[in-house]
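S.K.: Residue numbers (our numbering), protein chains in the order written: chain A, 15 to 681; chain V, 9 to 330; chain X, 9 to 299; chain E, 2 to 167.
No lab work stands behind these hints, which were simulated from the structure alone. The reader is advised that the hints may include incorrect statements.
[Unchecked claim] Straight-line alpha carbon distances no greater than 27 Å define the calculated BS3-like cross-link-like pairs of lysine-lysine that follow: (1) A/K408 with X/K229; (2) V/K326 with E/K127; (3) E/K100 with V/K226; (4) A/K367 with X/K185; (5) A/K498 with X/K229; (6) E/K100 with A/K544; (7) A/K405 with X/K229; (8) X/K110 with X/K62; (9) E/K96 with V/K226; (10) A/K421 with X/K98; (11) E/K127 with A/K554; (12) V/K326 with E/K149; (13) A/K498 with X/K225; (14) X/K10 with X/K101; (15) X/K98 with X/K123; (16) E/K124 with V/K326; (17) E/K124 with X/K110; (18) X/K158 with A/K498; (19) E/K127 with A/K263; (20) A/K675 with E/K138; (21) A/K375 with X/K229; (22) E/K143 with X/K110; (23) A/K223 with A/K575; (24) E/K127 with A/K421; (25) A/K675 with E/K127.
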Amino acid sequence: MIMSNTAAGDQPRIGVFVCYCGRNIASKVDVEKVRQFAEKLPNVVVSRTYKFMCSDPGQEMIQQDIKELKLNRIVVASCSPLLHEPTFRRTCAAAGLNPFYFQMANIREQVSWVTADTVAATRKASALVAAAVSRVACHTSLEKKRVPVHADVMVVGAGISGIHAALLLANAGKKVYLVEREPSIGGHMAQLDKTFPTLDCSACILTPKMSEVKNHPNITCWTLSEVEEVSGFAGNFKIKVRRNPRYIKQELCVACGQCVDVCVFKEGKVLDDFNVGLSKHKPIYMPFPQATPACVLIDPTACLKLSRGKCAQRCVEACDRKAIDFEQQVIHEEVEVGAVIIATGYQMFDARKTPEYGYGKYLNVYTMMEVERLVNAAGPTQGEVIMRDGKTPKTVGIIHCVGSRDKRHHPYCSSVCCMAALKTAHLVREHTGALVFNFYIDMRTPLKGYEEFYDRVLQEGVQFVRGRVAEVTDWAVTPAEDGKLVIRVEDTLIGVARRIPVDMVILATAMEAHHDAAELQRRFNISCSKEGWFLERHPKLAPVSTFSDGIFLAGVCQGPKDIPGSVAQAGAAAAEALMLVDKGFVEIEPNSAWIDDEVCSGCKTCVPLCPFHAITYNAQDHVSVINEALCKGCGTCVASCPSGAAQQKLFTDEQIHQEIKGVLNYV
Amino acid sequence: MSKPKAGFYWCASCGGCEESVVDLAEDLLPVVDAIDFVFFPLAMDFKRQDVEALADGEITVCFINGAIRSSEQLGMAELLRRKSKILIAYGSCAHQGGIPGLANLYDLESILETAFQQTPSTDNPGKTRPLPQITVAGGKLTLPTLDESVKSLDQVVEVDYYLPGCPPPVALLKAAVQAILSGNLPPRGTVLAPDKALCKECPRLDSKPDELLITQFKRPHEIEIDQQKCLLAQGLLCLGPATRSGCQAACIAGNMPCTGCLGPTSRTRDQGAAAMGALGSLIESTEEDQIASALENLPDPAGTFFRYSVPTSMMFRKHQNA
Amino acid sequence: MKYLYYPGCSLKGTGKAYDESMVAVFQKLGMDVEELQGWNCCGATSYMSIDETKAFALIARNLALAEQQNGGEPVHLISPCAACYLGLCKAQKYIAESEELKTIIVDSLGSVGLKYTGNVKVRHPLDIFVNDLGLDKIAKCVSHPLKGLKVASYYGCLIVRPYATFDDQYNPMTMDKLMVALGAEAVDWPLKTRCCGGTLTGTVEEAGLRLSYMLLKEAAKRGANLVATACPLCQFNLECYQSKMNHDYGDHVHLPVAFFSQVMGKAFGLDRRQIGLQRLMVPVETSPAMA
Amino acid sequence: MSKAIHLPLADNFEPRIVAFFCNWCTYTASDLAGISRMTYAPNTRVIRVMCSGRIEPQLLLAALREGADGVLIGGCHPGDCHYQAGNYKCLRRFKLLKKYLDQMGIEPQRVRLEWIAASEGDKVQKVTNEMTEQIRKLGPLKLTAIPKPPSHHQADQAPVCQGAVS
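Please model the complete structure; the sequences and the hints are all you need to start from.
M.R.: In structure tokens, the structure reads:
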């Protein structure tokens, strides 16, 4: 004795609309046969096909039928509901039909695109249509819930993407929290010397944006900080941020550097991250000259005072502004924002994982990022390319695709390395006049001005050898190879195995997702691709959205890309975030659960199961009650209710059972 | 004027249901005055022929208890259906198959094998089995045949009302009888018991924590059972949440967990499955092995969650691979 | 964990010294190691290229024997010969990954009353010495530190390829570490996993010889005064053809090539015959600390 | 039933698999499989729910009772649930249900729970093909039909009852 959700006197009059989607569906599914099949299903009043159901004429056809044939239920068999459900719901609404009297059958993504045999595809499509038809018959009219949104935005990660997004939003008048875990904002771009293909100075174009961030009234910038906890939902996120101590009173420090000079350590002690380990800094240090905030910090693990508790503390004496504060503790901030932009960037592939290239074994094997610092005037060698053995290279080999396009490590193309390698070749040549070889699998220079740059570097006399390098070895078989690093490679253009002796090897290592990307992914409840990049909602149509509404992606954290690409994406993410918070409210899918107190026995089974604590027990009436505002519509309580008192809108027992009957109806 | 006629019959069951009629005690007397019993093997000497002699629909109301397994039970059910205006499935066995319904977890042959050959107390070297018929001096003797599966009453004849319970609670029987005599009956097919789960009338409901999770299912003999505290909260597997009320939580009053005899509420398709969904969800663990060990003390889910309802469950019986 | 010892054919023939020294070293280290009873040829690389399934069955018999000898309890099977080691590892991997192959193997073993459950772990002695016993224990047993001995540790191509079970595929270090623990010096020698020519030396001599020659030449160039090997065939190729190399390539390479277990035995102060030093064709005595 | 829809011949049995996929991970993954044009067995029929936590034993059993030869549940990987822990609730029920189905003589391969992330289109392909083949080997699931009585009453109203307490 199951109650039907179809209200009395509401005899379903169903219209079924099957889409060809050009050839996308029609090439595998016999759309006409599906139409005929649907026509004979119970309650179906009309069944039509059309080339593109989502086009205006297609939608008008549906609306006309709703009006003329008094249809009160609509089924569209086309693509995925994740793509066009909103479209067709609007169509229904425009014709005066409650948009939730609509059901979609996904016969493209889940039928025509994945099925080889046309007969099988047609049968499967028909089954899905049957399911939609029997399901929609017991749909009810529902209203979307509107919730006001918080106008502030958080940007996580302050590389070029995060900085750009933050500035756009701030300039649009939004309050922005910019969270960066390094001591300075700027990200990898700050480490680069020049940018391809224009060869303009990276710092020169980045630092103005960095100081703009620092001075912007709408931007709260937290460095040395990480997101700890995220709760809430689109429009109303509550985010806890952990701010690690800098042991310096930021507002007092003017980065004069006297504290650094007087530190009891005369020499650097800690490998310098900014210089990719090519130099060392003292326990108290300035990350790099243009660091923002312009403020020193203390590394608690290396500082004698903080690690051992005893030190002459010369720095304290030296600082007349009394900015040093060994007592600083971790601060936990909690803020509310309407939207979040994640722009956490990437890390470089560890070249030690390709031992055949001898990084870490042979002194003169470098990564490309290290060379960026070598050629940089502010770098450890003041811009001179001096190798670890003190020599300047006369011959240099740049190996492409280290860690990328390699099934042992990352299958993907890291996309920027070819151009970066070309730039490196140019710079090294410029600095040393050395003969430079590039060892590549394929050259990939597709964007504006890139191919031209490739051509320019060719003209400059840089050598290109097509072939994946087998190994780098110091095994010399000819006198010419003595004391050199020998690059063994098959030159696939001339079909010869070559041994090319060089002084310096530069590895174009891949961009890869941060080792701890998965933690962030879970904290924000978004998805990761297999390679660890954050997953966009749709590869083409929602490239900066995620599956969690209100959380957007910018820059390399979504996949390898260069600076122009990152900046463009940051702009897109900012626009999406702006659209959300400016609108003032979010509409929430009416799929929340409710409990029928006529049936509920107050057994409380559902209470502990709700992940959002939306269910409370009313001790007076001995029933459990769902707070609709807190319910996010997972349906766990419904599945756990032993007496069928809990039900979920859009996913009632009856609706799902009808769908089960439907999908099995085709035989 | 003639009194309404009533009949009682007893199929595959223990007989407790008919005993329960006597539990009406003095309330039985007005009933006896008000109706004529035309068939009541437990209490009166009527024979099948007496029923056959009646006109179709002559019996006003007939209470059949017990599940249907044998040809005789089927025959009687059909006969009484024909002769009765109102047919009531009386008790868990008629309602859902009940304890006899557990036989659907085995195939017929293995049951006969056990009954007539395997049990320790059986001495049957000749492997003798009852025969459907045998000719002896003086004529042919027949025995009813057994069907492969046990069925609930409404799986063989149409049933007008259900009066659940093992045995049905007196209060429910009384209410039913009054409804029948007064003639104001609910829609056909109604289960004549409250449509809320047992927790509603359980005296221990308030002692149930709002956020109850289960780390280990316990069995009654393993712990000293607190007389006041919710049994689920003590780790005992109580089916109260998935079972109709109407019994005033008699078993719980006896400090024993509910085993589900009054069947599911009208919103649930499958009592055992609903109970598994509910209690399974409450296991407090995210690790597969911990979940498994929490379930160790549930060696027999079918017998535990479907004690009275195997034939009316969605599986109906153990799957017999073709 | 119980250790069983699978010498393989070579160690009973050309590689006798490997066998003798290995057993002696086991004793010296106080390891309780039994020889696998009734073991058979692993089929080496040749059988594999003729009939894989039969080759696997042949190898699996040894694995089954190991399980049987240890009463079905988990057991480690030590296989010093590089070819046997690879064969055993490969067989285990393929049987584990292919249900089809597994059924065939299990059936064929069953027909001779043997069982293979996968309860046996194939181990190389290098792995055992360095990772089970540990270099400290090894160092403790050293009575005659190998002062001045410069060893080029030669792993050959089979121990770490294609399966790098216990060491780095490109730059294995276990043997180098072992040598250092014995008081010797490990020469940085990039050819440690390069092919010695294998059976080529017996068929296309010129090709094989060249490969072996490159190895020795580079080892000498880097100041090695001894090459330590972990493979009977490598040892044979590198040692026995030295005069021919010198003749063909107009060179005068003279480099002792010993099994790493012999070098261990020497450092442990074992008798030279006990560790088969007298069997070497290029006398090892010329090398420091080996006299 | 339209003529276009061929009935499968008894001798070439085509398994019927009902798949319950969660909206956020597995349903998206099966869309991705489509976008990536990964061809796979046409035997699954996907029913979208918001979370695998919505899947209860009753739904799964109903699918088998309605004629499915197998049921596949797809949810987010542990820790990745869009609703924090719905997939764990699903897992707990599932473990208990499997125990029951085992008793009821349902082969384990017929009912399967898989964690498939939004990016794992290939896993949808793999699992679907695998399951289809396994069930093809097992053959159709022919549950014993639930008996239905012959109709006795014509009009379906409450029966009238004559006589009253005297």
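S.K.: Please work out if V/K326 and E/K149 have their alpha carbons no farther apart than 27 Å.
M.R.: Cα-Cα ~18 Å, so holds.
S.K.: Does E/K127 sit within 27 Å of A/K675, going by the straight-line distance between their CA atoms?
M.R.: Holds, at roughly 26 Å.
S.K.: What's the verdict on A/K375 and X/K229, does the C-alpha distance respect the 27 Å limit or exceed it?
M.R.: Given pair A/K375, X/K229 holds - Cα atoms ~19 Å apart, limit 27 Å.
S.K.: Hint check: A/K675 vs E/K138, CA-CA at most 27 Å. Holds or violated?
M.R.: holds (24 Å)
S.K.: Just to be careful, I want the Cα atoms of E/K124 and X/K110 compared with a cutoff of 27 Å; is the pair within it?
M.R.: Holds, at about 26 Å.
S.K.: For a C-alpha distance cap of 27 Å, please report whether X/K10 and X/K101 respect it.
M.R.: Judged against 27 Å, a Cα distance of about 21 Å means the pair holds.
S.K.: Could you grab the alpha-carbon distance between E/K127 and A/K263 and see if it respects the 27 Å cut-off?
M.R.: violated (57 Å)
S.K.: Take the C-alpha atoms of E/K127 and A/K554, compute the straight-line distance between them, and say whether it is at most 27 Å.
M.R.: holds (25 Å)
S.K.: Given the hint that A/K367 pairs with X/K185, test it: the Cα-Cα distance must not exceed 27 Å.
M.R.: holds (21 Å)
S.K.: A/K498 and X/K229: Cα distance at most 27 Å?
M.R.: holds (15 Å)
S.K.: Just to be careful, I want the Cα atoms of V/K326 and E/K127 compared with a cutoff of 27 Å; is the pair within it?
M.R.: violated (31 Å)
S.K.: Can you confirm whether the C-alpha distance between E/K124 and V/K326 stays at or below 27 Å?
M.R.: Roughly 33 Å between the alpha carbons, so the hint for E/K124 and V/K326 is violated.
The structure is inconsistent with the numbered hints 2, 6, 16, 19, 22, although it conforms to all the rest.
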